[in-house]
Amino acid sequence: MITTPQRRTAAIAFGGLSLAAALTGCAADASSGETPAASSTTTGPYTDGSYTASGDYQSPGGQESIKVDVTLAGDVVTAVTVTPDATSGNAVRYQTEFAGGIAAEVVGVNIDQLAVDKVAGSSLTSDGFNAAIEKIKADAAS
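Numbering-wise (the working numbering), the sequence shown opens with residue 807 and increments by one.
These are computed hints drawn from the structure, not numbers from a lab. Keep in mind that a hint or two might mislead.
What the hints assert, rightly or not - DSSO-like, lysine-lysine: derived pairs with alpha carbons at most 27 Å apart:
(1) 941 with 873
(2) 924 with 873
(3) 941 with 924
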C-alpha cells in the first residue's frame, strides 16, 4: 500500500516534471524583456545608410501594411520611423500606438537581433514591421 508521504513525493516529482516540460520552449531571457533574434537568411555586415520598406501583415480587418524607415550605422539601428498605412479603424489605432513605441525597442540594437513581438499593445503590427526589416536587411546587404 502507498503511504501519504510516498503520494506527496510522487505528486511533487510529477509537478516538477510538468513545469520543466512547460518551460523547455522558453528560450528568451525573461529578465531582459528581449525576444530571440528573428529567423533570417540575411545577415550582416550591412552598408551604413537610410533604408525604407513596407511590410504587410494580416489583421482581423484584412490585409494591412506599414512603412518602416531605418538608419543603420555599423549594423546597429540608429533611427527608426514607422508610418501607419492602415485602412481600418482598429488597425489605424494599433499602428499609431506601435509607431509611438517602436524606437524605444529597436534604436541601439543590432539589426540581426531584431525580433519585435508586441509594442505599445500592438501585436499584429509587429509582423509587418518584421517583414519590412527583412526587406531592409536584404537591401542593406547588397
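Checking each numbered hint in turn, tell me which of them this model violates, lowest number first. When the structure is compared with the hints, none of them turns out to be violated.
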